[in-house]
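Residue strings, one per chain:
2 protein chains.
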Amino acid sequence: MAEPSAVVLLSGGMDSTTLLHAVCRTPGMERVYALSFAYGQKHSRELEMAAWQAKAAGVARHEIVDMAFFAGLTRGGSALTDPAIDVPALDTLTADQLQQPPTYVPNRNMILLSLAAAWTESLGAASVYYGAQAQDRYGYWDCTTEFVQRLNQVFSLNRGRGVTIRAPFAMMPKSDVVREGLQLGVDYAQTWSCYRGGTRPCGVCPTCVERQRAFAAAGVEDPLLKAENRNQESRNV
Amino acid sequence: MAEPSAVVLLSGGMDSTTLLHAVCRTPGMERVYALSFAYGQKHSRELEMAAWQAKAAGVARHEIVDMAFFAGLTRGGSALTDPAIDVPALDTLTADQLQQPPTYVPNRNMILLSLAAAWTESLGAASVYYGAQAQDRYGYWDCTTEFVQRLNQVFSLNRGRGVTIRAPFAMMPKSDVVREGLQLGVDYAQTWSCYRGGTRPCGVCPTCVERQRAFAAAGVEDPLLKAENRNQESRNV
Numbered sequence: 034m035a036e037p038s039a040v041v042l043l044s045g046g047m048d049s050t051t052l053l054h055a056v057c058r059t060p061g062m063e064r065v066y067a068l069s070f071a072y073g074q075k076h077s078r079e080l081e082m083a084a085w086q087a088k089a090a091g092v093a094r095h096e097i098v099d100m101a102f103f104a105g106l107t108r109g110g111s112a113l114t115d116p117a118i119d120v121p122a123l124d125t126l127t128a129d130q131l132q133q134p135p136t137y138v139p140n141r142n143m144i145l146l147s148l149a150a151a152w153t154e155s156l157g158a159a160s161v162y163y164g165a166q167a168q169d170r171y172g173y174w175d176c177t178t179e180f181v182q183r184l185n186q187v188f189s190l191n192r193g194r195g196v197t198i199r200a201p202f203a204m205m206p207k208s209d210v211v212r213e214g215l216q217l218g219v220d221y222a223q224t225w226s227c228y229r230g231g232t233r234p235c236g237v238c239p240t241c242v243e244r245q246r247a248f249a250a251a252g253v254e255d256p257l258l259k260a261e262n263r264n265q266e267s268r269n270v
Numbered sequence: 034m035a036e037p038s039a040v041v042l043l044s045g046g047m048d049s050t051t052l053l054h055a056v057c058r059t060p061g062m063e064r065v066y067a068l069s070f071a072y073g074q075k076h077s078r079e080l081e082m083a084a085w086q087a088k089a090a091g092v093a094r095h096e097i098v099d100m101a102f103f104a105g106l107t108r109g110g111s112a113l114t115d116p117a118i119d120v121p122a123l124d125t126l127t128a129d130q131l132q133q134p135p136t137y138v139p140n141r142n143m144i145l146l147s148l149a150a151a152w153t154e155s156l157g158a159a160s161v162y163y164g165a166q167a168q169d170r171y172g173y174w175d176c177t178t179e180f181v182q183r184l185n186q187v188f189s190l191n192r193g194r195g196v197t198i199r200a201p202f203a204m205m206p207k208s209d210v211v212r213e214g215l216q217l218g219v220d221y222a223q224t225w226s227c228y229r230g231g232t233r234p235c236g237v238c239p240t241c242v243e244r245q246r247a248f249a250a251a252g253v254e255d256p257l258l259k260a261e262n263r264n265q266e267s268r269n270v
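In the order they appear, the protein sequences are chains A and B.
With positions in the first sequence counted from 1, the corresponding number in the working numbering is that position plus 33.
With positions in the second sequence counted from 1, the corresponding number in the working numbering is that position plus 33.
Hints in this document: simulated from the structure, not taken from any laboratory.
Heads up, the beta-carbon is just placed ideally off N, CA and C, and yes, glycines get one too.
Possibly wrong hints are sitting among the right ones.
[Unchecked claim] Incomplete in silico selection of chain A near chain B, CB under 8 angstroms:
1) Glu-63
2) His-95
3) Phe-102
4) Ile-144
5) Leu-148
6) Trp-152
7) Cys-176
8) Glu-179
9) Leu-184
[Unchecked claim] Distance windows between CB atoms, simulated:
10) B/Ala-128 / A/Gln-182: 52 to 60 angstroms
11) A/Pro-37 / B/Thr-125: 28 to 36 angstroms
12) A/Gln-133 / B/Gln-216: 38 to 46 angstroms
13) B/Asp-124 / A/Gln-186: 29 to 37 angstroms
14) B/Asp-129 / A/Pro-37: 38 to 46 angstroms
15) B/Glu-81 / A/Ala-93: 35 to 43 angstroms
16) B/Asp-129 / A/Ile-118: 44 to 52 angstroms
17) B/Asn-262 / A/Ala-93: 50 to 58 angstroms
18) A/Phe-102 / B/Asn-262: 35 to 43 angstroms
19) B/Gln-182 / A/Pro-256: 31 to 39 angstroms
20) B/Ala-93 / A/Ala-260: 44 to 52 angstroms
21) A/Ala-93 / B/Ala-101: 55 to 63 angstroms
22) B/Gln-133 / A/Glu-179: 22 to 30 angstroms
Just chain A, with the same shape it has in the complex (with noise of 0.2 angstroms):
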C-alpha cells in the first residue's frame, strides 16, 4: 500500500540525504517530513546540508531539533560530543574499539528514532526512515537491522497509530547507496561526514576513510572533496 507521508530522520551525511531523495521519489508519497537534531555533535556542519538537502528535495517541513542539553547529559560519553575526547583515525582503533568506537554516541539513536517516531505519531504518518548503514569494518549496535527490528517490537505494542521504523539500506554496502544516490542526482557536495568538526574532512576518521572507500569502490570521485580541492586551488591562485 502507497503511504501519503512520511518522516525521514536527516543527519546530512551520505546515506540519509540519499534516503531522503529515494523516499521523496517513492511513487504515492505526497508528503515527507524531515527531522534533523543538534545534539551537540562537532561536526555541527552537517546541519547546513541537511536544510539544504531538505530544502532541494522539496519536503512538506524540515524540523531542526535543538537538543543542546545532550552533550551535556553525556559527558564523557563520546568523542562526538565532548570536546575533551579527540575523534580518533580509524587505522588507530584497536578490535575491541572497532566493537564499539569512541565516536560511539550514548543510545544516541534510539533517542533519535524515539522523538521521530513522536513526530510520526502525531502527523498521523506510518513510517520513519533511517539510514542505518552497514559498515564494512567496525560498527554500532544501534545501526544493525537486528536494533530496528526489536524497535519495531516495541511499537508493535501501541495501542493507537503504530509507527514502524524502515532502514532500507541497512544491508546495503555503502558503495550501493552512493550508486542509488548518483541515478537519483543527489548532490554529494551538499553533505557532510567528517566528525572532526573543522572545515576540510580530515581524511582519517573512521567515517571519512567509509565514505572515501564507498565512492572508490562507486568508482566516482567524491564531489565533497573535489569542491574543496577547487575553493583551495582558487584561494592559492
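Got chain A sorted already, so can you dock chain B onto it with the hints?
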C-alpha cells in the same frame, strides 16, 4: 549483586517519587541520580515537587532537562501538552479512549527512558528505575511490563555498557505503592498528579481519580488534599 549507582526517572508524581525513595534506601546503593523533564506538560508544578523530593531523598544529582520543543513537535497529539485540547474527566472517557486516552503523550515514555539510558551509560551505571504503574480502569501501552521487557531486548544488543530498565511497580496496585511510600516516610503533600495544571487538584481528571482511589484503598487521607484544604481554610478565615 548490589548496584552502587542508578538513575531514577522522576516526574514528581506519586509513583516515581515513591520509587525514588525506595531506590535511595536500597542496601548497597551509594549514588542515585534523578532525571526529570520539562516537555511542555501543563502540570509543570510536578517539576517543583520533583526538585523537592530529589533534595529530600538526598540524590547525588538531579537534572531537569528542558525539552520545550517537544510540545511543538507533537502539537495536537496530547491533552497534556496542547493548550487547545482539554484534559477530560475520567468518567467521560469512552471504551476506546480508555485504551489510549487523550492524555497519552505520543511516545513520551520511550523518549524519556532513552534519554535516561544515555545518561546511565555515560555515568557507568547499569539501571534506570521507572515508576510505571498498572492502572485499574485505563492505561497506556508504554506503562506495561511488556513495553519494559521489549525495551530491554533492544538494550541487550548494546556491545558496551548495557542498561536495564527496572519497573518494580508495574504490576502493583497503586494503593500498594502508597502503602510502601508511607512506610518509607514519603511526604505525599510534596507530590503532584493532576493533569489540568491548576493550582489545586481538579479531582476528576484520570490521574486525580486514580490518586484518590489509591489513598482510599490504603485507608489514609491524601496529605496533598489535607494541605490544600488547610491553606484554603486559612485563606477563608
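Taking the hints in turn, this is what the structure says about them:
1. Glu-63: violated, 19 angstroms
2. His-95: violated, 13 angstroms
3. Phe-102: Hint on A/Phe-102: holds, closest Cβ of chain B at ~5 angstroms, below 8 angstroms.
4. Ile-144: holds, 4 angstroms
5. Leu-148: At 6 angstroms from the nearest chain B Cβ, A/Leu-148 passes the 8 angstroms test, so the hint holds.
6. Trp-152: holds, 5 angstroms
7. Cys-176: The hint is violated - A/Cys-176 has no Cβ within 8 angstroms of chain B, the shortest such distance being about 11 angstroms.
8. Glu-179: holds, 6 angstroms
9. Leu-184: holds, 6 angstroms
10. B/Ala-128 / A/Gln-182: 52 to 60 angstroms: violated, 32 angstroms
11. A/Pro-37 / B/Thr-125: 28 to 36 angstroms: holds, 33 angstroms
12. A/Gln-133 / B/Gln-216: 38 to 46 angstroms: holds, 42 angstroms
13. B/Asp-124 / A/Gln-186: 29 to 37 angstroms: For B/Asp-124 and A/Gln-186 the Cβ distance comes to about 34 angstroms; the hint holds.
14. B/Asp-129 / A/Pro-37: 38 to 46 angstroms: violated, 24 angstroms
15. B/Glu-81 / A/Ala-93: 35 to 43 angstroms: holds, 39 angstroms
16. B/Asp-129 / A/Ile-118: 44 to 52 angstroms: holds, 50 angstroms
17. B/Asn-262 / A/Ala-93: 50 to 58 angstroms: Given range 50 to 58 angstroms: holds, Cβ gap about 51 angstroms.
18. A/Phe-102 / B/Asn-262: 35 to 43 angstroms: The hint (35 to 43 angstroms, Cβ to Cβ) holds, given that A/Phe-102 and B/Asn-262 are roughly 38 angstroms apart.
19. B/Gln-182 / A/Pro-256: 31 to 39 angstroms: violated, 46 angstroms
20. B/Ala-93 / A/Ala-260: 44 to 52 angstroms: The hint (44 to 52 angstroms, Cβ to Cβ) holds, given that B/Ala-93 and A/Ala-260 are roughly 49 angstroms apart.
21. A/Ala-93 / B/Ala-101: 55 to 63 angstroms: Once the Cβ atoms are compared, 23 angstroms apart, the range 55 to 63 angstroms for B/Ala-101 and A/Ala-93 is violated.
22. B/Gln-133 / A/Glu-179: 22 to 30 angstroms: holds, 28 angstroms
Going down the numbered hints, you'll see the structure goes against 1, 2, 7, 10, 14, 19, 21, while the others check out.
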